[in-house]
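Participant: The listed protein sequences derive, respectively, from chains A and B.
Using this note's numbering, read the first sequence as starting at 1 and increasing by one per residue.
Using this note's numbering, read the second sequence as starting at 130 and increasing by one per residue.
Don't take every hint at face value.
Stated by the list, open to error - Computed cross-link-like contacts, EDC-like style, restricted to lysine to aspartate or glutamate with a CA-CA straight-line distance of at most 20 Å:
#1 A:Lys103 <-> B:Glu538
#2 B:Lys196 <-> B:Glu307
#3 B:Lys191 <-> B:Asp306
#4 B:Lys280 <-> A:Glu4
#5 B:Lys223 <-> B:Asp233
#6 B:Lys364 <-> B:Asp232
#7 B:Lys256 <-> B:Asp284
#8 B:Lys196 <-> B:Glu336
#9 B:Lys364 <-> B:Glu307
#10 B:Lys364 <-> B:Glu374
#11 B:Lys342 <-> A:Glu4
#12 B:Lys247 <-> B:Asp284
#13 B:Lys280 <-> B:Asp365
#14 B:Lys364 <-> A:Glu9
#15 A:Lys11 <-> B:Glu307
#16 B:Lys259 <-> B:Asp306
#17 B:Lys311 <-> A:Glu9
#18 B:Lys245 <-> B:Glu272
#19 B:Lys455 <-> B:Glu538
#20 B:Lys191 <-> B:Glu307
#21 B:Lys311 <-> B:Glu336
#22 B:Lys460 <-> A:Glu4
#23 A:Lys103 <-> B:Glu537
#24 B:Lys527 <-> A:Glu4
#25 B:Lys453 <-> B:Glu537
#26 B:Lys308 <-> A:Glu9
#27 B:Lys453 <-> A:Glu4
#28 B:Lys453 <-> B:Glu530
#29 B:Lys311 <-> B:Glu244
#30 B:Lys455 <-> A:Glu9
#31 B:Lys267 <-> B:Asp363
Hints in this document: simulated from the structure, not taken from any laboratory.
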Amino acid sequence: MKIEFWGQEFKVNLAIGIPGAFLIAIASSMFGFGGGPFMVPLMAVGLRLPMYVIVGSSLLAIFFNTLMGSFRHYGFGNFDLIFFLIMFPAAILGGYLGPKIAKRLNPVTVKRVACVGLLILALQLLGIF
Amino acid sequence: MKRLLALLIVLLITTMLNVNAFAEAPKEQKQDVGSQPTEATVTLAVDKTKLTSGGKLNITGKAPAGKDVYIEVWAEETIRAARLDADPDPKTGKRPYIFYMTDDMPAFYRLIVPEKYKPVLEDAKAKGAKWSVSEVIKNTQAEAVYGYPAKIKIDRYQTTLWASIIGSRGTLLEPMDEKENKRRSMQLLKARFRSVGNVFSSNLKIEADGTFKASVELPANAAPGKYFVVAKVDKDIKSEPIVVENSVSFPSVYLPNAGRTVNVFWPFLLTAAITTFGVLMGAGGGFILNPILVMLGLPHTVVAGTVMPTVLFSQGTGIYNYSKIKFINWKLGVTLGLAMMAGGFIGPKLTELITLEQYKFLFGWILIILAALMFWQTTPKYLEKNKKEQAILKEFKKRAEEAAKKKEEGGK
Numbered sequence: 001m002k003i004e005f006w007g008q009e010f011k012v013n014l015a016i017g018i019p020g021a022f023l024i025a026i027a028s029s030m031f032g033f034g035g036g037p038f039m040v041p042l043m044a045v046g047l048r049l050p051m052y053v054i055v056g057s058s059l060l061a062i063f064f065n066t067l068m069g070s071f072r073h074y075g076f077g078n079f080d081l082i083f084f085l086i087m088f089p090a091a092i093l094g095g096y097l098g099p100k101i102a103k104r105l106n107p108v109t110v111k112r113v114a115c116v117g118l119l120i121l122a123l124q125l126l127g128i129f
Numbered sequence: 130m131k132r133l134l135a136l137l138i139v140l141l142i143t144t145m146l147n148v149n150a151f152a153e154a155p156k157e158q159k160q161d162v163g164s165q166p167t168e169a170t171v172t173l174a175v176d177k178t179k180l181t182s183g184g185k186l187n188i189t190g191k192a193p194a195g196k197d198v199y200i201e202v203w204a205e206e207t208i209r210a211a212r213l214d215a216d217p218d219p220k221t222g223k224r225p226y227i228f229y230m231t232d233d234m235p236a237f238y239r240l241i242v243p244e245k246y247k248p249v250l251e252d253a254k255a256k257g258a259k260w261s262v263s264e265v266i267k268n269t270q271a272e273a274v275y276g277y278p279a280k281i282k283i284d285r286y287q288t289t290l291w292a293s294i295i296g297s298r299g300t301l302l303e304p305m306d307e308k309e310n311k312r313r314s315m316q317l318l319k320a321r322f323r324s325v326g327n328v329f330s331s332n333l334k335i336e337a338d339g340t341f342k343a344s345v346e347l348p349a350n351a352a353p354g355k356y357f358v359v360a361k362v363d364k365d366i367k368s369e370p371i372v373v374e375n376s377v378s379f380p381s382v383y384l385p386n387a388g389r390t391v392n393v394f395w396p397f398l399l400t401a402a403i404t405t406f407g408v409l410m411g412a413g414g415g416f417i418l419n420p421i422l423v424m425l426g427l428p429h430t431v432v433a434g435t436v437m438p439t440v441l442f443s444q445g446t447g448i449y450n451y452s453k454i455k456f457i458n459w460k461l462g463v464t465l466g467l468a469m470m471a472g473g474f475i476g477p478k479l480t481e482l483i484t485l486e487q488y489k490f491l492f493g494w495i496l497i498i499l500a501a502l503m504f505w506q507t508t509p510k511y512l513e514k515n516k517k518e519q520a521i522l523k524e525f526k527k528r529a530e531e532a533a534k535k536k537e538e539g540g541k
């Protein structure tokens, strides 16, 4: 598939893009996290698209998944309204505070800390740690 | 003669009334027997009938001497429990793929067994995730007294791979017989309450004369509403249920789908802190928030189903802002979006099918992959490339913003 973005043309390999997006969406909606951190590398490395094409379009693609996943979870009775009402404003607050703090921190350090944190959490889930 | 006849009639009527009572209310009949010295009754008392945000309930009573007494405590409030039976049949080796689900599981259940069975519970605890409710019930001789959950309505569906793909639960099968329902209810108890201590307790002391003393702790996160306490010796010899009311008041609220009471500030602070960190590390907060909530004891289905919609709003505003400066390629976004939509249709069905152990296992590996991706993003080679990319991104964004501004001015 050929796409045009700000006067430039890009070729998109759908044989990688569609199955990749599909599988990421299954995992993402199954466990209830956003698919961003997997979609961005898929589009950058798998589809060889530059970052300025990815940022907006990946968000749009993920939105489809979040919307569908939310409806399906609601249909299966997995949605707890009161719990949602507690978490929703907190998520908005986090989205407001995050970028303000981000300016003062070294992103590489943050990512390394996150890396260690994620590994600890993963080992705990796997029952090793 | 007249007097004799009248006496006879009175006698006849009383006998008939007694027979009626016998037929209609077997419980009352038992009490009648109990007033005679056959000792076939169980009396029961609790120290309080009102609790606020849980607390300890002391139970005392008297049963026929020398008999084992068991106490069942359950909440009126109900929750969902589900389990996919994919264990191979021991005879044929076939996996049945039957999905069992109930919405009538009590939000709290405890079977208190006599103190002498403490080793049975310890054994089950030592087995870790492999313990089984039916084994504990068998080894504590509680088969006859395990009562309330055995009768809940359990639906079962024949699931197939195809049914899961189209997001259906499968074909609803005929209701189970009493025995099967009882067996399956035990599996659902474990699926929902996970640990031995959440289903059983051996906090029950029985004296030689039949008096007994027990206590049960309703946790602070227990559901509000009525709790029933019944002492049983066997299927027929049991006490009348005692009702205890648990109340919960703000800032604690009960989450009906998650089946537990929480203080609103904790999930709020947790979510705010984790989403802030999520923004910093460039991944949504769900990666950290979901496993933590699951480890805190919330059902994984409710966690996935409730965290997911919280990002809808921020994603929506993001898309709006990018679209204003024409920074979205709709063809690309919608094409990949449709593939993701298909995935999003299937995923939630799978959440329901997997057990907590499978959830943890899969999520653990996803986090390891994510950690690897993040590590890759801190390697010097990636950083150099990213620096250039970010510079181009900034430049493009600036141009896009200017163009959007110009257009707006031109439109006026």
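Participant: If a hint holds in the structure, say so; if it doesn't, say that too.
Facilitator: Hints, one by one, checked against the model:
For the hint pairing lysine 103 of chain A with glutamate 538 of chain B, the CA-to-CA distance comes to about 31 Å; that exceeds 20 Å, so the pair is violated. Proximity of lysine 196 of chain B to glutamate 307 of chain B is assessed by CA-CA distance (about 26 Å); at most 20 Å being required, the pair is judged violated. About 34 Å separates the Cα atoms of lysine 191 of chain B and aspartate 306 of chain B, which puts this hinted pair outside 20 Å; it is violated. With a CA separation close to 63 Å, the supplied pair lysine 280 of chain B and glutamate 4 of chain A exceeds the 20 Å bound.
Using a Cα cut-off of 20 Å, the hinted pair lysine 223 of chain B and aspartate 233 of chain B is violated, with the two alpha carbons roughly 29 Å apart. With a CA separation close to 25 Å, the supplied pair lysine 364 of chain B and aspartate 232 of chain B exceeds the 20 Å bound. At roughly 29 Å between alpha-carbon atoms, lysine 256 of chain B and aspartate 284 of chain B are farther apart than 20 Å, so this suggested pair is violated. Taking the CA atoms of lysine 196 of chain B and glutamate 336 of chain B, the gap is about 10 Å. The hint holds against a cut of 20 Å.
At most 20 Å may separate the alpha-carbon atoms for a hinted pair to count; lysine 364 of chain B and glutamate 307 of chain B meet this at roughly 14 Å. Note on lysine 364 of chain B and glutamate 374 of chain B: the hinted pairing is violated, with a Cα-Cα distance of about 26 Å set against a maximum of 20 Å. Straight-line distance between C-alpha atoms of lysine 342 of chain B and glutamate 4 of chain A comes to about 78 Å, which puts the hinted pair past the 20 Å bound. Note on lysine 247 of chain B and aspartate 284 of chain B: the hinted pairing is violated, with a Cα-Cα distance of about 33 Å set against a maximum of 20 Å.
About 16 Å separates the Cα atoms of lysine 280 of chain B and aspartate 365 of chain B, which keeps this hinted pair within 20 Å; it holds. As the CA atoms of lysine 364 of chain B and glutamate 9 of chain A are separated by approximately 77 Å, the hinted pair breaks the 20 Å bound. Distance check on the hinted pair: lysine 11 of chain A and glutamate 307 of chain B sit about 62 Å apart at the alpha-carbon level, beyond 20 Å; violated. This hinted pair does not check out: lysine 259 of chain B and aspartate 306 of chain B have alpha carbons roughly 26 Å apart, beyond 20 Å.
Under the criterion of a C-alpha separation no larger than 20 Å, the hint pairing lysine 311 of chain B with glutamate 9 of chain A is inconsistent with the structure, at around 64 Å. Proposed proximity of lysine 245 of chain B and glutamate 272 of chain B is supported: the alpha carbons are some 16 Å apart, at most 20 Å. With a C-alpha separation of about 16 Å, the suggested pair lysine 455 of chain B and glutamate 538 of chain B falls inside the 20 Å cut-off, and the hint holds. About 30 Å separates the Cα atoms of lysine 191 of chain B and glutamate 307 of chain B, which puts this hinted pair outside 20 Å; it is violated.
Proximity of lysine 311 of chain B to glutamate 336 of chain B is assessed by CA-CA distance (about 31 Å); at most 20 Å being required, the pair is judged violated. For the hint pairing lysine 460 of chain B with glutamate 4 of chain A, the CA-to-CA distance comes to about 9 Å; that is within 20 Å, so the pair holds. Straight-line distance between C-alpha atoms of lysine 103 of chain A and glutamate 537 of chain B comes to about 30 Å, which puts the hinted pair past the 20 Å bound. Between lysine 527 of chain B and glutamate 4 of chain A the alpha-carbon distance is near 19 Å, which keeps this suggested pair within the 20 Å criterion.
Restraint check for lysine 453 of chain B and glutamate 537 of chain B: the C-alpha separation of about 10 Å stays at or below 20 Å, so the hint holds. This hinted pair does not check out: lysine 308 of chain B and glutamate 9 of chain A have alpha carbons roughly 67 Å apart, beyond 20 Å. Restraint check for lysine 453 of chain B and glutamate 4 of chain A: the C-alpha separation of about 17 Å stays at or below 20 Å, so the hint holds. In summary, the hint linking lysine 453 of chain B to glutamate 530 of chain B is supported, as the alpha carbons are separated by about 8 Å, within the 20 Å threshold.
Distance restraint check for lysine 311 of chain B and glutamate 244 of chain B: the Cα-Cα separation of roughly 24 Å exceeds the 20 Å cut-off, and the hinted pair is therefore not satisfied. For the hint linking lysine 455 of chain B to glutamate 9 of chain A, the alpha-carbon distance of about 16 Å falls within 20 Å, and the restraint holds. Between lysine 267 of chain B and aspartate 363 of chain B the CA atoms are separated by roughly 14 Å; this keeps the pair inside 20 Å, and the hint holds.
Violated hints, listed in ascending order, are 1, 2, 3, 4, 5, 6, 7, 10, 11, 12, 14, 15, 16, 17, 20, 21, 23, 26 and 29; each of the other numbered hints is respected by the structure.
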